[in-house]
Amino acid sequence: MTYVLNGTPEDIRRIEKGTAILFQELHLGPKESDLQIEVLFQDTETLSTTKEGNTIRIKCRETAHYFRGLNWILHHLDKDSVQKEEPVIFPKNGYMLDCSRNSVFTVEKVKSLIRILAKLGMNDLLLYTEDTYEVPEEPYFGTYRGRYSQNEIREIDVYAKTFGIELIPCIQTLAHLRNALKWPMGTPLKDTDDILFVGKEEVYQFIEELLRSVKASYSTRRVHLGMDEAAALGLGNYLTQNGYKKSSQLIKEHSSRVFEICKKLELEPMIWSDMYITANTGSSYYDTEAIRNTSQWVKPDDGLGLVYWDYYNDDESIYHTLLNAHEKLSDNIIFAGGSWIWNGIAPNYSRTFKCTLTGLKACREHHLKEVFCTGWMDNGSETPVDAVYPGLVLFAHMGFHEEVNETELAEEFNITINGRLEDFYQLESFDSLFVENDTNITSDNPSRYLLYQDNLLGMFDYHIQVLDTVSYYGELAKRLESCVKTSPAYQGFFTYYQLLAEILSEKADLGIRI
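Numbering (the working numbering), first residue to last: 1 to 514.
Simulated from the structure, these hints should not be mistaken for laboratory data. Check before you lean on any hint, since a few could be wrong.
With a straight-line Cα cutoff of 20 Å, these simulated SDA-like cross-link-like pairs (lysine to any residue) come out [as the list claims (entries may be wrong)]: (1) Lys369 <-> Ile12; (2) Lys79 <-> Asn54; (3) Lys92 <-> Ala489; (4) Lys182 <-> Tyr204; (5) Lys109 <-> Ala489; (6) Lys84 <-> His401; (7) Lys264 <-> Glu201; (8) Lys59 <-> Lys109; (9) Lys84 <-> Arg61; (10) Lys190 <-> Tyr140; (11) Lys478 <-> Leu500; (12) Lys354 <-> Ser429; (13) Lys478 <-> Arg420; (14) Lys478 <-> Asp423; (15) Lys92 <-> Ile116.
Let the sequences and hints guide you as you build the complete structure.
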C-alpha cells in the first residue's frame, strides 16, 4: 500500500521515517489508490483520528500520539468512514525496561518494544541499568554482565526519537550497586557491599564518570539517579569511620552533591522517593500515619524530581495520602506503577490491574503530568518479558481513558501486540491456585515453589494436601495449548508456559502421592 503525507515540512519530518517502518511492519496489502495522511501537531489535550474514504486526518500534540492514532486507523481500513477522539490524561506516559538482573535485552528487542510503545501512544522509555552500561574510565563496571556499549545506547536513542519517544537513563548512584562494587575498584567506594560511602570524594568522582557516560550516550538531558532502598545507609564503613548520622541527613547530603554534578553537566535529575520518606519517618514507605505531618522533614533540593513508586496498594486512600506527602516535598512528582512480572515464573495480572487502576485514578485526580509502568525482572528474569504486555497496554489505555473500557482495551492489545488479551490472561491461573477468581493481592506464587521444591522434603506439601493439582494444572496446560494456535506470534511463549503447566500437573503433589 502506498501513502502520501500531508502537513508542514517540519511535521512531516517528525513522522515520515516512523510511518514507513510501521507500514512495513504491518505488511499492508495493495490498494488501488493512495492513502492521504494529513497530520497536524498542535497544543491540544486530545488525540483526534478520522478516516473519510482514502483520507486520514490525525490531530495531536505528541509524535507518539500520532503513531497511536495511525496504528488504530490502519487496522480499520476496511471501513470507509471512521473516527475516534481520546483525551490525553497524562502528557508523559512510559515504560521502564529492567535491563539488569541478567536481563540485558538485545538492541533489536528494545527496538521492537519501542515500536509497541509508539503504537500505544507512550512517549517515555527508561532503561534501568544498574551496572549494565559502558563507563570508559571504569573497565570493570558491568564487565561480563552484558552491558550496553555507548554506541548501542546511541542506536536505541536514535530509533526511539524516530517515534517521538524519549529514551531516559535510569541508573543507580547510591545503592543497588553490589555487582559493580564487588570488583577491586569498588573497595574504596563502599559503605556496605551494596551502598556507596556518602561524603567520600572518590565516590563523587565515580558518580561523575557514570553521569558523563550517560550524557555521552543519550540525547536527553533527563536522568533517573535511583537512590532507592538504601536501608543500611551509613551503617557500614561510614559508621566505623564517622560515627552515627541520621539517614535523613545522609540522603540529603548525598543527593545534593550528586545534584550539583548534574547541574555542572546540565542534566535534569529525578530519584526514587522512598529514602526521603523512610529516612524522615523511620518507618515503612507506605506507613500512611507516619507521613501525615511533614513539617519537620529534611527535604530535597528544589528541582529534583521525586518518583513515587507504588505497585502494591489497592486502597485509593493510600495513594492520595502518599501523593499529598510527595507534593509537600517537591513540585516535580512522577508516578511509577507496575506490571507484575516479578511474581515468580508467571505474571500476576489481577494485582497488576487492581493496583494500576486504583493508582492511576488517584494520579489523575492529583493532576500528575507524568507516569510510567515498571516491569521489574527480579530473581534473574524468571518471567519472560513479553508477559508484561497486558499491564503495559492497560497503563497506556488509562493514559487516554477516564475509565477502563474492556472492549477497547482488548482491541488495543490485539492491534498493538498482535496477540489476544484473553490468551495472556490464562497465565494468571498459574498462581491463582488458592484465590480462584479473586485478586492475588498477596502475590502468592505456588507455581514457583511447587516447581522448585524437593519432592522428598515436601516443604510446601501441607498447602496443597486437599487440592487436585493434577487436574488444575493439567486443564491449564490444555488451555495454553489452544493459545499457541490463537496467538501464533507468541507460539514459543505459550509453548513454554504449556510445558510448565504440564510439569506442574505431574510434580506439584508428587511428594504427597509418594
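Now for the hints, and whether the structure bears them out:
1. Restraint check for lysine 369 and isoleucine 12: not satisfied, since their Cα atoms lie roughly 27 Å apart, outside the 20 Å limit.
2. Restraint check for lysine 79 and asparagine 54: the C-alpha separation of about 10 Å stays at or below 20 Å, so the hint holds.
3. Of the pairs offered as hints, the one joining lysine 92 and alanine 489 is violated, with about 29 Å between alpha carbons and a cut-off of 20 Å exceeded.
4. Restraint check for lysine 182 and tyrosine 204: the C-alpha separation of about 18 Å stays at or below 20 Å, so the hint holds.
5. With a C-alpha separation of about 15 Å, the suggested pair lysine 109 and alanine 489 falls inside the 20 Å cut-off, and the hint holds.
6. For a cut-off of 20 Å, the pair hint linking lysine 84 to histidine 401 stands: about 12 Å separates their Cα positions.
7. Taking the CA atoms of lysine 264 and glutamate 201, the gap is near 16 Å; set against the 20 Å cutoff, the hint holds.
8. Distance hint between lysine 59 and lysine 109 is unfulfilled; the C-alpha atoms sit about 30 Å from each other, more than 20 Å.
9. Straight-line distance between C-alpha atoms of lysine 84 and arginine 61 comes to about 16 Å, which keeps the hinted pair within the 20 Å bound.
10. A threshold of 20 Å between alpha carbons decides the hint, and for lysine 190 with tyrosine 140 the separation of about 15 Å falls inside it, so the pair holds.
11. In summary, the hint linking lysine 478 to leucine 500 is supported, as the alpha carbons are separated by about 12 Å, within the 20 Å threshold.
12. Taking the CA atoms of lysine 354 and serine 429, the gap is about 16 Å. The hint holds against a cut of 20 Å.
13. Distance restraint check for lysine 478 and arginine 420: the Cα-Cα separation of roughly 17 Å lies within the 20 Å cut-off, and the hinted pair is therefore satisfied.
14. For the suggested pair lysine 478 and aspartate 423, the alpha carbons sit about 12 Å apart, so the restraint of at most 20 Å is met.
15. Of the supplied pair hints, the one linking lysine 92 and isoleucine 116 holds, its CA atoms being roughly 16 Å apart against a limit of 20 Å.
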